[in-house]
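Going line by line, the protein sequences match chains E and D.
Residue 196 is where the first sequence ends in our numbering, and the numbering goes up by one at each step.
Residue 889 is where the second sequence ends in our numbering, and the numbering goes up by one at each step.
Hints listed in this document are in silico derivations from the structure and should not be mistaken for laboratory results.
Beta carbons: idealized from backbone N, C-alpha and C, even for Gly.
Incorrect hints may have been included.
Claimed, not checked - Derived contacts from chain D toward chain E, CB cut-off under 7 Å, selection only:
1. 628
2. 636
3. 792
4. 801
Unchecked claim - Here chain D is said to cover these stretches of chain E; the calculated rule only asks that three of the stretch's residues, wherever they fall, bring their Cβ under 8 Å from a Cβ of chain D:
5. 97-105
6. 123-134
What the hints assert, rightly or not - Think about it this way: if two alpha-carbon atoms lie no more than 30 Å apart in a straight line, the pair counts; the simulated DSBU-like pairs of lysine-lysine are:
7. 811(D) with 133(E)
8. 58(E) with 811(D)
9. 60(E) with 811(D)
10. 58(E) with 196(E)
11. 64(E) with 811(D)
12. 610(D) with 178(E)
13. 126(E) with 646(D)
14. 646(D) with 125(E)
15. 646(D) with 58(E)
16. 192(E) with 64(E)
17. 164(E) with 196(E)
18. 811(D) with 646(D)
19. 133(E) with 610(D)
20. 58(E) with 164(E)
21. 192(E) with 58(E)
22. 196(E) with 133(E)
23. 178(E) with 125(E)
24. 58(E) with 133(E)
Read off the chains here:
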Amino acid sequence: MDLKTKALTKSLWVFHMSTASCNNCDIEILDCLTPRHDVERFGIVLVGSIRHADVILATGIVNRNCRDIVKKMYEQAPKPCFVVAVGTCAAGRGIFHNSYIVNEAEPLDKIIPVHAYIPGCPPKPEAIIDGIVKLIDKVNKK
Amino acid sequence: MKIIEPLLQFVVFPGFLFTAVAGLIFSWIDRKVTARVQYRIGPPWYQPFMDILKLLGKETMIPAGASKRVFLTAPLIGLAGVTIVSTLLCLADFDPNLGFVGDLIVVFYMLTLPALAIILGGFSSANPLASLGSSREMKLVLSYELPFILALLVPIIKSGGLLTIGGILNYQIAHGAIFASASGFIAVVVAMLCIQAKLGLVPFDISEAETEIVGGSFIEYSGPPLAIFKLTKAMLLFTLPLFVVVVFMGGITLQAKEVAWGILKLIALLVVIVLIRNTNPRLRIDQALRFFWGPVTILAILGVVLALFGH
Ligand code: SF4
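Using the sequences and the hints given, assemble the complete structure.
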């Protein structure tokens, strides 16, 4: 493992991208930053601008309106940048399956590359942290 | 050989490398104390180093429509400014007889370079939010420079019109710290408020304002340029308290016991800054302007008048 990868995995700045979620997953993501879970221990901080992001946390079903924006967002992020699909919606539509607003042909991982999936509706903060840990393992192995 | 020594002083000790390491450790203290205030554990000590290393390894993106040359040189201007300030301050501190007449004025002007870099970088990045951040930063500079220069007048008057950092230090070694007198105390309070604004920390983080204009001037920066900006901010976190310690609090003299005492003074100032930052809400730009031109300037004038009467 070289220094660059080590520094990357020790200091992941996450950007929170909501693509038509019901907002519950977004609240659970914020829970990870509260004193109880405190992900800043591992160097993870929430950033406001996509240009600062190392990880994009995508929540929601990616509806028709969001499709192009999601793609544009990913292109604007400086590489290396990882995408994590948080929640059943982002991973496979969940309860919105077959809904009229869903862009059936193109789920999130067809539009942009997704590096980790975290199921749950919404996933617990522990599950989100576990997902990030697995992502870090995957990056380290590469 | 004549050229090597100053070059080493600027690049290694006490210039760039030393200040960078000290600044990153200071920014860790900042984050750790913040975390403890919020009942969190906080990041490990090497976290700021990892952040900078990571940013250096990332892609640099230049937004379409940005003025590329200004966009990329702006961070360097800020870094150069803070490096020169810390070199001059440390050298004067180690040996008060070094330095030249007017180095206090040079330091004062160099301290505005980081703010200037932020303004330039924001305006050149062709982003409306960044321009908003830059225009706010500009108003903030206008507001805090007046009380800051008034506060600086106090040590100059007390030491009998000396314009060198070394001279002010010598005066303090002979007559005790300026901080101990009434006018000196007022000047330190004013200077600390101005420093809070210079560092861009809450309640004066108006130009960055994560929650309203998502990073302000830095919004379009990524990779190495962002790393340089972050490094500049970290170095300022070390240099500005050092400035206060040197000019108002008797500096850090180089005897074994005194060095520990000096570092303690620095860290105490830093903790005060962090506590102010954690217990206040953000002001609006008009409130900040009114605050600095109103109460703070009046307080600073009071300090100058007291100093003129020798208190
Ligand atoms: S996965 Fe569940 S909680 Fe998350 S956005 Fe979808 S419906 Fe809401």
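Outcome of the hint check:
1. 628: holds (4 Å)
2. 636: holds (5 Å)
3. 792: holds (3 Å)
4. 801: holds (6 Å)
5. 97-105: holds (count 5)
6. 123-134: With 4 residues close enough to chain D, the hint holds.
7. 811(D) with 133(E): Roughly 24 Å between the alpha carbons, so the hint for residue 811(D) and residue 133(E) holds.
8. 58(E) with 811(D): Cα-Cα ~22 Å, so holds.
9. 60(E) with 811(D): Holds, at roughly 24 Å.
10. 58(E) with 196(E): Distance ~13 Å between residue 58(E) and residue 196(E) Cα, so the pair holds.
11. 64(E) with 811(D): holds (21 Å)
12. 610(D) with 178(E): Holds, at about 26 Å.
13. 126(E) with 646(D): holds (21 Å)
14. 646(D) with 125(E): holds (25 Å)
15. 646(D) with 58(E): Between residue 646(D) and residue 58(E) the Cα gap is close to 26 Å, so the pair holds against 30 Å.
16. 192(E) with 64(E): holds (14 Å)
17. 164(E) with 196(E): Holds - the C-alpha atoms of residue 196(E) and residue 164(E) are around 22 Å apart, at most 30 Å.
18. 811(D) with 646(D): holds (22 Å)
19. 133(E) with 610(D): holds (29 Å)
20. 58(E) with 164(E): holds (29 Å)
21. 192(E) with 58(E): holds (15 Å)
22. 196(E) with 133(E): holds (16 Å)
23. 178(E) with 125(E): holds (27 Å)
24. 58(E) with 133(E): Satisfied, since the Cα-Cα distance of roughly 13 Å is no more than 30 Å.
The structure shown violates none of the earlier numbered hints.
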